[in-house]
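Going by our numbering, the first residue of the sequence shown is number 55, and it counts up by one from there.
Don't read these hints as lab results, they were simulated from the structure. Note that CB positions come from ideal geometry on N, CA and C, so glycine has one too. Do not take every clue at face value.
Said to hold, decoys possible - Straight-line alpha carbon distances no greater than 27 Å define the calculated DSS-like cross-link-like pairs of lysine-lysine that follow:
id, residue 1, residue 2
1, Lys88, Lys74
2, Lys74, Lys59
3, Lys86, Lys74
What the hints assert, rightly or not - Distance ranges between label pairs, derived from CB positions:
id, residue 1, residue 2, range
4, Val103, Asn80, 22 to 32 Å
5, Val76, Ala112, 28 to 38 Å
6, Ile129, Asn80, 36 to 46 Å
7, Gly95, Val117, 28 to 38 Å
8, Glu102, Trp126, 50 to 60 Å
9, Asp78, Asp56, 21 to 31 Å
10, Ser140, Lys88, 34 to 44 Å
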Amino acid sequence: MDVSKLEDLDRHLFIDELIKHVEDDNLRLLQKIKNRIDEVGLELPTIEVRFSDLFVEAECEVVYGKPIPTLWNAIASRLSVSEIVSFLFSTLTS
Numbered sequence: 055m056d057v058s059k060l061e062d063l064d065r066h067l068f069i070d071e072l073i074k075h076v077e078d079d080n081l082r083l084l085q086k087i088k089n090r091i092d093e094v095g096l097e098l099p100t101i102e103v104r105f106s107d108l109f110v111e112a113e114c115e116v117v118y119g120k121p122i123p124t125l126w127n128a129i130a131s132r133l134s135v136s137e138i139v140s141f142l143f144s145t146l147t148s
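The whole structure should be built from the sequences, with the hints applied where relevant.
Encoded structure:
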């Protein structure tokens, strides 16, 4: 089939259908491999990765009007203001 002779919409639909079949074929192949590994009882090797003295640095983009993503702000955003006030009030009156 000469795809260049198809109109835009037909060409687009044809290519979409081909891509869908390729994805299905890949999924089917991976499923067959998994089933075969399970059938023969092959245990795949596992890797455990451990870190010591790990330091993580990240960049963060702060959006105007949004709080800086700190642990305190994450906890505070999960709780409503009324919950915080009632907790503080119950703590002070106890």
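Hints, one by one, checked against the model:
Between Lys88 and Lys74, the direct Cα distance comes to roughly 21 Å. Compliance with the 27 Å bound is thereby established for this hinted pair. At roughly 22 Å between alpha-carbon atoms, Lys74 and Lys59 fall within 27 Å of each other, so this suggested pair holds. In summary, the hint linking Lys86 to Lys74 is supported, as the alpha carbons are separated by about 18 Å, within the 27 Å threshold. For the pair Val103 and Asn80, the supplied restraint of 22 to 32 Å holds, since their beta-carbon distance comes to about 28 Å.
Taking 28 to 38 Å as the suggested C-beta distance range, the pair Val76 and Ala112 conforms, at roughly 36 Å. For Ile129 and Asn80, the hinted distance range of 36 to 46 Å is satisfied, since their beta carbons lie about 43 Å from each other. Remark: the range hint 28 to 38 Å for Gly95 to Val117 is contradicted by a beta-carbon distance near 52 Å. Glu102 and Trp126 have their C-beta atoms about 33 Å apart, which leaves the hinted 50 to 60 Å range violated.
Remark: the range hint 21 to 31 Å for Asp78 to Asp56 is upheld by a beta-carbon distance near 25 Å. At about 52 Å, the CB distance of Ser140 to Lys88 disagrees with the hint of 34 to 44 Å.
Of the hints listed earlier, those the structure fails to meet are numbers 7, 8, 10, in rising order.
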